[in-house]
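> The task is simple: from the sequences and hints, build the whole structure.
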Amino acid sequence: KQEVTQIPAALSVPEGENLVLNCSFTDSAIYNLQWFRQDPGKGLTSLLLIQSSQREQTSGRLNASLDKSSGRSTLYIAASQPGDSATYLCAVDPLTGANSKLTFGKGITLSVRP
Amino acid sequence: EPEVTQTPSHQVTQMGQEVILRCVPISNHLYFYWYRQILGQKVEFLVSFYNNEISEKSEIFDDQFSVERPDGSNFTLKIRSTKLEDSAMYFCASRLAGGRGDTQYFGPGTRLTVL
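Residue numbers (my numbering), protein chains in the order written: chain A, 193 to 306; chain B, 760 to 874.
Hints are not guaranteed to be accurate.
[To be verified] Quick list of in silico lysine-lysine cross-link-like pairs, DSSO-like style, CA-CA up to 27 Å:
{"id": "1", "chain 1": "B", "residue 1": "LYS801", "chain 2": "A", "residue 2": "LYS193"}
{"id": "2", "chain 1": "B", "residue 1": "LYS816", "chain 2": "A", "residue 2": "LYS260"}
{"id": "3", "chain 1": "A", "residue 1": "LYS298", "chain 2": "B", "residue 2": "LYS837"}
{"id": "4", "chain 1": "B", "residue 1": "LYS816", "chain 2": "B", "residue 2": "LYS837"}
{"id": "5", "chain 1": "B", "residue 1": "LYS837", "chain 2": "A", "residue 2": "LYS260"}
{"id": "6", "chain 1": "A", "residue 1": "LYS298", "chain 2": "A", "residue 2": "LYS260"}
{"id": "7", "chain 1": "A", "residue 1": "LYS193", "chain 2": "A", "residue 2": "LYS298"}
{"id": "8", "chain 1": "B", "residue 1": "LYS816", "chain 2": "A", "residue 2": "LYS234"}
{"id": "9", "chain 1": "B", "residue 1": "LYS801", "chain 2": "A", "residue 2": "LYS234"}
{"id": "10", "chain 1": "A", "residue 1": "LYS234", "chain 2": "B", "residue 2": "LYS842"}
{"id": "11", "chain 1": "A", "residue 1": "LYS260", "chain 2": "B", "residue 2": "LYS842"}
{"id": "12", "chain 1": "B", "residue 1": "LYS801", "chain 2": "A", "residue 2": "LYS260"}
{"id": "13", "chain 1": "B", "residue 1": "LYS801", "chain 2": "B", "residue 2": "LYS816"}
{"id": "14", "chain 1": "A", "residue 1": "LYS234", "chain 2": "A", "residue 2": "LYS298"}
{"id": "15", "chain 1": "A", "residue 1": "LYS193", "chain 2": "A", "residue 2": "LYS260"}
{"id": "16", "chain 1": "B", "residue 1": "LYS837", "chain 2": "B", "residue 2": "LYS801"}
{"id": "17", "chain 1": "B", "residue 1": "LYS801", "chain 2": "A", "residue 2": "LYS298"}
{"id": "18", "chain 1": "B", "residue 1": "LYS816", "chain 2": "B", "residue 2": "LYS842"}
{"id": "19", "chain 1": "B", "residue 1": "LYS842", "chain 2": "A", "residue 2": "LYS298"}
{"id": "20", "chain 1": "B", "residue 1": "LYS842", "chain 2": "B", "residue 2": "LYS801"}
{"id": "21", "chain 1": "A", "residue 1": "LYS298", "chain 2": "B", "residue 2": "LYS816"}
[Unchecked claim] Looking from chain B toward chain A, a few residues come up when the C-beta cut is under 7 Å (computed):
{"id": "22", "residue": "VAL802"}
{"id": "23", "residue": "SER814"}
{"id": "24", "residue": "GLU815"}
{"id": "25", "residue": "PHE820"}
Please keep in mind that the hints were generated in silico from the structure rather than gathered at the bench. No residue lacks a Cβ here, since even glycine has one placed at the ideal position from N, Cα and C.
Below, the structure written as structure tokens:
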């Protein structure tokens with residue numbers, strides 16, 4: 193059974209710092225991996241999707257990498273801002289099954305201090 | 760930009776009552792999903808739906824749950840007899856037809872509170 197782990201559960205950094213959020217998964221048979229942002233009491237906003245054949249994806253100050261063989265992904269946030277404060281979740285879509293079925297990590301709650 | 764919408768944003772019900780959670784997926788999407796998130800826990804897959812039938816369901820999705828696409832725009836999740844442990848945030852998601860690589864777009868969620 194696929195397990196997705198995100199450690200640490202919470203992170204606090206000063207504004208302007210570059211940071212890396214980690215995600216690990218136990219089964220490397222994945223179709224893709226997505227990073228989401230969740231603001232308190234709100235829905236999930238997709239940030240980046242990496243196909244299993246890709247190594248990384250970039251969007252603005254965000255860069256996500258994927259190492260399928262080691263079961264790891266990282267989300268790099270450059271020049272962090274207070275507005276980046278949120279919970280960041282990673283989710284994997286398995287290779288098997290007729291349809292997508294995301295398995296989520298518990299998320300990392302990021303606080304960027306002004 | 761098109762988005763997934765969900766109603767109501769918050770639903771309070773008594774244990775044993777039926778609830779229907781409503782979702783309007785993005786208009787040209789063909790794959791639909793329900794997930795839930797119990798407070799402080801992971802987001803969990805409940806069910807996927809395509810071509811008017813369930814593609815896959817989790818062990819959480821027992822006989823108390825059902826899904827329906829009653830018309831061309833709505834996608835509903837019904838819980839027949841709610842339990843206290845059904846209290847959670849329920850998210851609807853949709854995906855464009857095409858490869859499995861397409862992004863799932865999530866709605867803002869419905870917070871269900873069972874008293």
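> Look at each hint and say if it fits the structure.
Against the structure, the hints come out as follows:
1. Restraint check for LYS801 of chain B and LYS193 of chain A: satisfied, since their Cα atoms lie roughly 15 Å apart, inside the 27 Å limit.
2. With a C-alpha separation of about 26 Å, the suggested pairing of LYS816 of chain B with LYS260 of chain A holds against the 27 Å cut-off.
3. In summary, the hint linking LYS298 of chain A to LYS837 of chain B is supported, as the alpha carbons are separated by about 26 Å, within the 27 Å threshold.
4. Annotation: proposed proximity of LYS816 of chain B to LYS837 of chain B holds, straight-line Cα distance about 14 Å (limit 27 Å).
5. The hinted pair formed by LYS837 of chain B and LYS260 of chain A fails the criterion: a straight-line CA distance of about 37 Å is larger than 27 Å.
6. Between LYS298 of chain A and LYS260 of chain A the CA atoms are separated by roughly 19 Å; this keeps the pair inside 27 Å, and the hint holds.
7. Distance check on the hinted pair: LYS193 of chain A and LYS298 of chain A sit about 16 Å apart at the alpha-carbon level, within 27 Å; holds.
8. Taken as a hint, the LYS816 of chain B and LYS234 of chain A pair is honoured in the structure, with Cα atoms around 24 Å apart against an allowance of 27 Å.
9. The straight-line distance between the Cα atoms of LYS801 of chain B and LYS234 of chain A is roughly 14 Å, inside the 27 Å bound, and the hint therefore holds.
10. Only pairs whose Cα atoms come within 27 Å are accepted, and LYS234 of chain A paired with LYS842 of chain B is accepted, the gap being roughly 23 Å.
11. Of the supplied pair hints, the one linking LYS260 of chain A and LYS842 of chain B is violated, its CA atoms being roughly 39 Å apart against a limit of 27 Å.
12. For a cut-off of 27 Å, the pair hint linking LYS801 of chain B to LYS260 of chain A stands: about 22 Å separates their Cα positions.
13. This hinted pair checks out: LYS801 of chain B and LYS816 of chain B have alpha carbons roughly 17 Å apart, not beyond 27 Å.
14. In summary, the hint linking LYS234 of chain A to LYS298 of chain A is supported, as the alpha carbons are separated by about 15 Å, within the 27 Å threshold.
15. At roughly 16 Å between alpha-carbon atoms, LYS193 of chain A and LYS260 of chain A fall within 27 Å of each other, so this suggested pair holds.
16. Distance hint between LYS837 of chain B and LYS801 of chain B is fulfilled; the C-alpha atoms sit about 21 Å from each other, no more than 27 Å.
17. For the suggested pair LYS801 of chain B and LYS298 of chain A, the alpha carbons sit about 5 Å apart, so the restraint of at most 27 Å is met.
18. Restraint check for LYS816 of chain B and LYS842 of chain B: satisfied, since their Cα atoms lie roughly 19 Å apart, inside the 27 Å limit.
19. Of the pairs offered as hints, the one joining LYS842 of chain B and LYS298 of chain A holds, with about 24 Å between alpha carbons and a cut-off of 27 Å not exceeded.
20. A C-alpha spacing of about 19 Å is found between LYS842 of chain B and LYS801 of chain B, which places the hinted pair at or below 27 Å, so the restraint holds.
21. With a C-alpha separation of about 21 Å, the suggested pairing of LYS298 of chain A with LYS816 of chain B holds against the 27 Å cut-off.
22. With its C-beta approaching chain A no nearer than about 4 Å, VAL802 of chain B sits inside the 7 Å limit, and its interface hint holds.
23. A cut of 7 Å between beta carbons decides the hint on SER814 of chain B: the least distance to chain A is about 4 Å, and the hint holds.
24. Below 7 Å, beta-carbon pairs count as interface contacts, and GLU815 of chain B has one with chain A at about 6 Å; its hint therefore holds.
25. Interface hint status for PHE820 of chain B: violated, as the beta-carbon distance to the closest one in chain A is roughly 11 Å, over 7 Å.
Of the numbered hints listed earlier, those contradicted by the structure are 5, 11 and 25.
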